[in-house]
Amino acid sequence: MTRTFLARNPSTLWFLLVLALFTLCVTVLAEGFGIGLIPTAFVKVLGKTLCLCLVALAMDLIWGYTGILSLGHMAFFALGGYMTGMWLMYARTEEIVVQALAGSPIPPTPEEVAQGVATQIFGVVGGSDLPVVWTFAHSAFLQLPLVLIVPGVLALVFGWLAFRARVNGVYLSILTQAMTLALTLYLFQNDSGLRGNNGLSGLQNLPGLADVPQSTLSILFFLASALLLAAGYLLLAWVTSGKFGSALRAIRDDEQRLRFLGYPVEGYKLFVFTLTAMVAAVAGAFYYPQAGIINPAELAPIASIYLAVWVAIGGRGRLYGAVIGAAFVSLLSSWFTGGMAPAIPLGFYTIKWVDWWTVLLGLAFVLVTLFAPRGIGGLFDRLPSPRRHGAQLGPDDGALREKEADA
Amino acid sequence: MFRFLLPLAMAVCLALPALAQTLPEVVEASRAQIEKPSRQTVGPVIDAIASTGDPAAAALLQAWADRKLGVRKADGVFFLLEKAPEGWALTGLDGAAAGTAPTSDITDLKPNAGVRELIGAVLVQFTLTDPDPAQRTRALDAIARSPAKAQLAPLRASIEDEADPGLKARKEHLATFLTLQFGDDSATRVVAIESLAGDTALDVRAALNPLLVTSRKVAVALPQGVNIAATLTPGKDIPREAAYDLLVGAGLAPARLTLADQKAALAAHLENGAVGGVPLAELASQQLRDAAYEALEKSGQVPAAATDAEVAAALEAHVFYDQYAEPDPAVTDAARRTLASIETRVGLMTAADLGLDALSLASIYFLAAIGLAITFGVMRVINMAHGEFIMMGAYTGYVVQQMIPNYTVSILVALPLAFAVTFAAGVAMERLVIRHLYKRPLETLLATFGISIALQQIAKNIFGTQARPLTAPAWLDGALSFNDIISISYIRVAIFLLALLFLGFFLWLMKRTRLGLEVRAVTQNPAMAASMGIDPDRINMLTFGIGSGIAGIAGVAIGLFAKVTSELGSDYIVQSFMTVVVGGVGNIWGALAGAAMIGGFQKVIEWLNPSNTLAAQTYMILFIILFIQFRPRGIIALKGRAAGD
Chain A
1 MTRTFLARNP
11 STLWFLLVLA
21 LFTLCVTVLA
31 EGFGIGLIPT
41 AFVKVLGKTL
51 CLCLVALAMD
61 LIWGYTGILS
71 LGHMAFFALG
81 GYMTGMWLMY
91 ARTEEIVVQA
101 LAGSPIPPTP
111 EEVAQGVATQ
121 IFGVVGGSDL
131 PVVWTFAHSA
141 FLQLPLVLIV
151 PGVLALVFGW
161 LAFRARVNGV
171 YLSILTQAMT
181 LALTLYLFQN
191 DSGLRGNNGL
201 SGLQNLPGLA
211 DVPQSTLSIL
221 FFLASALLLA
231 AGYLLLAWVT
241 SGKFGSALRA
251 IRDDEQRLRF
261 LGYPVEGYKL
271 FVFTLTAMVA
281 AVAGAFYYPQ
291 AGIINPAELA
301 PIASIYLAVW
311 VAIGGRGRLY
321 GAVIGAAFVS
331 LLSSWFTGGM
341 APAIPLGFYT
351 IKWVDWWTVL
361 LGLAFVLVTL
371 FAPRGIGGLF
381 DRLPSPRRHG
391 AQLGPDDGAL
401 REKEADA
Chain B
1 MFRFLLPLAM
11 AVCLALPALA
21 QTLPEVVEAS
31 RAQIEKPSRQ
41 TVGPVIDAIA
51 STGDPAAAAL
61 LQAWADRKLG
71 VRKADGVFFL
81 LEKAPEGWAL
91 TGLDGAAAGT
101 APTSDITDLK
111 PNAGVRELIG
121 AVLVQFTLTD
131 PDPAQRTRAL
141 DAIARSPAKA
151 QLAPLRASIE
161 DEADPGLKAR
171 KEHLATFLTL
181 QFGDDSATRV
191 VAIESLAGDT
201 ALDVRAALNP
211 LLVTSRKVAV
221 ALPQGVNIAA
231 TLTPGKDIPR
241 EAAYDLLVGA
251 GLAPARLTLA
261 DQKAALAAHL
271 ENGAVGGVPL
281 AELASQQLRD
291 AAYEALEKSG
301 QVPAAATDAE
311 VAAALEAHVF
321 YDQYAEPDPA
331 VTDAARRTLA
341 SIETRVGLMT
351 AADLGLDALS
361 LASIYFLAAI
371 GLAITFGVMR
381 VINMAHGEFI
391 MMGAYTGYVV
401 QQMIPNYTVS
411 ILVALPLAFA
421 VTFAAGVAME
431 RLVIRHLYKR
441 PLETLLATFG
451 ISIALQQIAK
461 NIFGTQARPL
471 TAPAWLDGAL
481 SFNDIISISY
491 IRVAIFLLAL
501 LFLGFFLWLM
511 KRTRLGLEVR
521 AVTQNPAMAA
531 SMGIDPDRIN
541 MLTFGIGSGI
551 AGIAGVAIGL
561 FAKVTSELGS
571 DYIVQSFMTV
581 VVGGVGNIWG
591 ALAGAAMIGG
601 FQKVIEWLNP
611 SNTLAAQTYM
621 ILFIILFIQF
631 RPRGIIALKG
641 RAAGD
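From first to last, the protein sequence lines stand for chains A and B. Note that the UniProt record's numbering gives residue 279 to position 279 of the first sequence, counting from 1, and the numbers run on in steps of one. Note that the UniProt record's numbering gives residue 245 to position 245 of the second sequence, counting from 1, and the numbers run on in steps of one.
Certain hints may be false.
If you want the footprint, here are the derived chain B segments under chain A, 3+ residues with CB under 8 Å [as the list claims (entries may be wrong)]:
1) 435-442
2) 457-466
3) 622-632
For each label pair, taking beta carbons as the anchor points, the in silico distance ranges come out as [what the hints assert, rightly or not]:
4) Pro145/A / Thr258/B: 35 to 45 Å
5) Gly34/A / Leu626/B: 30 to 40 Å
6) Gly347/A / Leu517/B: 16 to 26 Å
7) Pro145/A / Lys511/B: 55 to 65 Å
8) Pro526/B / Gly347/A: 46 to 56 Å
9) Thr258/B / Ala102/A: 37 to 47 Å
10) Leu346/A / Asp537/B: 29 to 39 Å
FYI, nobody ran anything at the bench for these hints, they're computed from the structure. Using N, Cα and C, we set each Cβ at its ideal position, and we do this for glycine too.
Next comes chain A alone, as it looks inside the complex:
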């Protein structure tokens, strides 16, 4: 018990080392500060992938460790994106409007600027007034905390209702999917106040940084995403270690028994649900400025299912597994769907990967579920380890962890 946190979790140290090395390589090779071997577009893809890894971490905590298969975490991710998106879009439009109004002899009043911004943003859905949800959008100090607050409160309320009614297992999955669907349908409406299916756009332009080239911005965002991922990993590694982590795994393995032992199971679940929702939201807040555009299609229930697919393929119940899964599958996916994979001619039919990648992914997922429940991360168990004593530490083998296995 006297060993340090990192010594008890050697995988964390390894992960941070690999991440640092990777970040360093990309920075040196990219255009912004380095030698320009990696194009800006690919730096953005890598930066976005890091954000996806973070949301996969959150998914792993809620599903792999706590056993709650949430099909709504991509909704929290997108909500976080919407919250930063509102500020970015407002600030960007404000710059344009101020520039346009500077031509008139009388300097514009703040009201005129606000009206101009509202017309500019909402003209496309036939409105000219700023909806109530945009109240704080003019100020980064007021709007950016909403990245945490809005998804956090939504998760808190939804989780409280669901856990209180003892909805669990597959029922909870379906209920979270319904919540995601409801949110998506709501945002698709033009009068939702978030521009309906147009979504928010132009998010790649940071206010006040109009002169900085995208190549520099992209590498800055990449570095920020890497830092965020490292911080997220440390936070979640800390949460899952120690007694709290044991309680979470106990909930996954036998919730009823833990309740009889006197643990407030609902409180634990609610905490984890809300925490992971907020982590997902932060990931989204960094993802969408790199993507440049967000619309309600990003929330569709299928996105959350893909999130579960990443974590399952990477190996749930271990944090590095989630990161590996998200990075591996999403990069592979963009390689296949980007038309870069060579087509396979079969004589009578040519397999174009743009069309068949999804099929492959779906079937691979079934196979992983059936035959390799520990995913890619499970491969690391085959490495010789001095302190394993032969005990398997998978998601279905009880709550055993290294520490307990050692004892």
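Given chain A, work out where chain B should sit, using these hints.
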């Protein structure tokens, strides 16, 4: 087009009787218009010709419209023309033959399409007594499209001799409509209006509503002798801004200073970097802009703008009211009473129609969910690919229809074939995947998701992304309509019947067959069932196959009214699971209750907010999430051992 005609015709009706003329006089007087007609101005001439009452007028108008009217160049006399070997065969306007003439002697008149249409509309009254019923029907259609006062008399006159009872009823109906609009005195009009009480037909309401059209007016005092619908209090019945805009529009008050005008005025009086003593840089605030403008006002450089107090005084000094376009209060009162009585009936019928709609939506949800009621409700297997089975059924129907052109036969073939295809798919899935995951429900959910994604993409690759039609046989076209308001399409009736059929099938299968008994035994206690000689593997396989097969049949039914796309299934999957969960897992009556509740609620929400079906679905899902708070086990919860845990 008829918008031009109506006011013109009315103007002529008022103007012409004073100069009552015979046909030749009218023709002579309007020679220029007849020879070179223009669509904008020819209306009165046509009406004048028609209103002479001369039987020859019809022949003249008909010839004119058919481009068979001509003028002899020599003396300017009009003739009706007929093609003849020598050129034209002439007929005088009085109907007497007038020999023939070479084409070079006659200028044949060629009115353009617009003018011919105007003539046609007026000719209507002559065709009302045409021996050909089709012609008379066309005349009635024309009157219904563009009613005019001139049509009333000929229409009434033609009722007596009408032989066809259907046409006679229609004529009487139309005569009532024309009377209530153009009747001679208010008593006849009121009688006509009141005769329509309780008639919910759409055209009745369309005929009554124009009588109640109002326009918003403002005056210093309420005028006498106009038909006033309501007086309005500013701030209560009418927003103060709108009221003041009315005043400004009527020229009774000066316009308020808009912010844009103020800005322009300030910009115009910019001197030495300051306006009215306020430095330019400080004008970026509304307060200081007002101050600057007041300074300009004081120095007389800009006109005084209405202040709030002046606005209040002006509003106080005037009355605002809605005035009926119809001047006769007796008529508007009668119309309002009659409409109110109609509205009540319409309200009741709308409720009935809404009920039918809800029933139909509920049967669609039930049909989509009944397969799930077996696989999820009875077997407790979460099959997220259920929606894709529905899609497979729909595509099976589409493919069958490509091969068998007869729609009736193809549907009859498609239903069992869809069952066979999805039954096979279900059995294959159960054997290959689900069997290994019975103990791990969350993993079942994920694995079936993988299958769902793959199946959807495969369908997209085979059939493309565009929607494929699945056409219903002709005998399912149309709607079963009870009146103008209550109607339901035959397809939906068929789906309702299909849903009932499957409810019966499910009950029979579960309660009356050996298979049903074994299924119930296996789901309650597989080990005990196995020790009784039941093979749980076989039972699970068959049950899952039947559940999937029913999904396929539901797919054919849903494909008949929805477009068949690869996303067809995913549109229904969440609702289907909600139906089963809300109703109560493991109970077919629960699924029925769940479908009825979800269908009913969705229709009611759509009715409250008809423009927005997305919102209806959003609120529906929120409602379900809340509902599960109060009845976590659904509407009909299983009790005792059947509940499983």
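Hint check:
no., hint, verdict
1, 435-442, "holds (count 5)"
2, 457-466, "holds (count 4)"
3, 622-632, "holds (count 7)"
4, Pro145/A / Thr258/B: 35 to 45 Å, "holds, 38 Å"
5, Gly34/A / Leu626/B: 30 to 40 Å, "violated, 54 Å"
6, Gly347/A / Leu517/B: 16 to 26 Å, "violated, 52 Å"
7, Pro145/A / Lys511/B: 55 to 65 Å, "holds, 59 Å"
8, Pro526/B / Gly347/A: 46 to 56 Å, "holds, 47 Å"
9, Thr258/B / Ala102/A: 37 to 47 Å, "violated, 22 Å"
10, Leu346/A / Asp537/B: 29 to 39 Å, "holds, 36 Å"
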